[in-house]
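A.B. asks: One rule links them: number in this note's numbering = place in the sequence shown (from 1) + 582.
FYI, nobody ran anything at the bench for these hints, they're computed from the structure. Honestly, I wouldn't trust all of these hints.
Between beta-carbon pairs, the in silico distance windows are [to be verified]:
| # | residue 1 | residue 2 | range |
| --- | --- | --- | --- |
| 1 | 665 | 605 | 17 to 23 angstroms |
| 2 | 594 | 668 | 24 to 30 angstroms |
| 3 | 631 | 654 | 21 to 27 angstroms |
| 4 | 656 | 605 | 33 to 39 angstroms |
Even for Gly, the Cβ is constructed at its ideal location relative to N, Cα and C.
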Amino acid sequence: RHFTPDGLTRLVAAIPALRARTRRIEFTTPVLASAPLGSHVPRIIDETDRLLLIGDAAGSPDPIVGDGLALALASTQDAASAIVSGHWREYQRRRLARGAKARRLGRLMLRLSQTERRASWVLRHLSAVVPRLLEFAVGQESSHHARP
């Protein structure tokens, strides 16, 4: 059984860090989703053709991870260093390692929340961990937008 609007609303309401931010959500269509949405590109350099992939062309994490922009920005720094130094394989190694971490986290999050029943179980039995992780994620997001 997959998520219903009521089930999704109940799950979000169970997480204090998200409750206030989502209390005015109104579902106007059925909850539709398809996952996974990320992409994996195993080879992102071609030294012969002097080709180096960056950004989404080099692969992207599932949006559930919320790390796509950070991965892209870190990768552009690595790519710039590789272009200047000529160490393209080091760029590929670092970029693929960064992407692998995001893919593992995405797979875990999708497995833990695949159905309403499973997500409810996770929230009940791992309640000490899930809210802290989500509050950290929400807190970190809001700190980027905070004004001095």
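A.B. asks: Taking the hints in turn, state whether each one holds.
C.D. replies: Structure-based check of each hint:
Hint check: residue 665 to residue 605, Cβ distance near 48 angstroms, so the stated range 17 to 23 angstroms is violated. Checking the proposed 24 to 30 angstroms range against residue 594 and residue 668 shows it is violated: the Cβ atoms sit about 49 angstroms from each other. As the Cβ distance of residue 631 to residue 654 is approximately 22 angstroms, the hint placing it in 21 to 27 angstroms holds. Restraint check, residue 656 to residue 605: a C-beta distance of roughly 34 angstroms satisfies the suggested window 33 to 39 angstroms.
Violated hints for the displayed structure, listed by number in ascending order: 1, 2.
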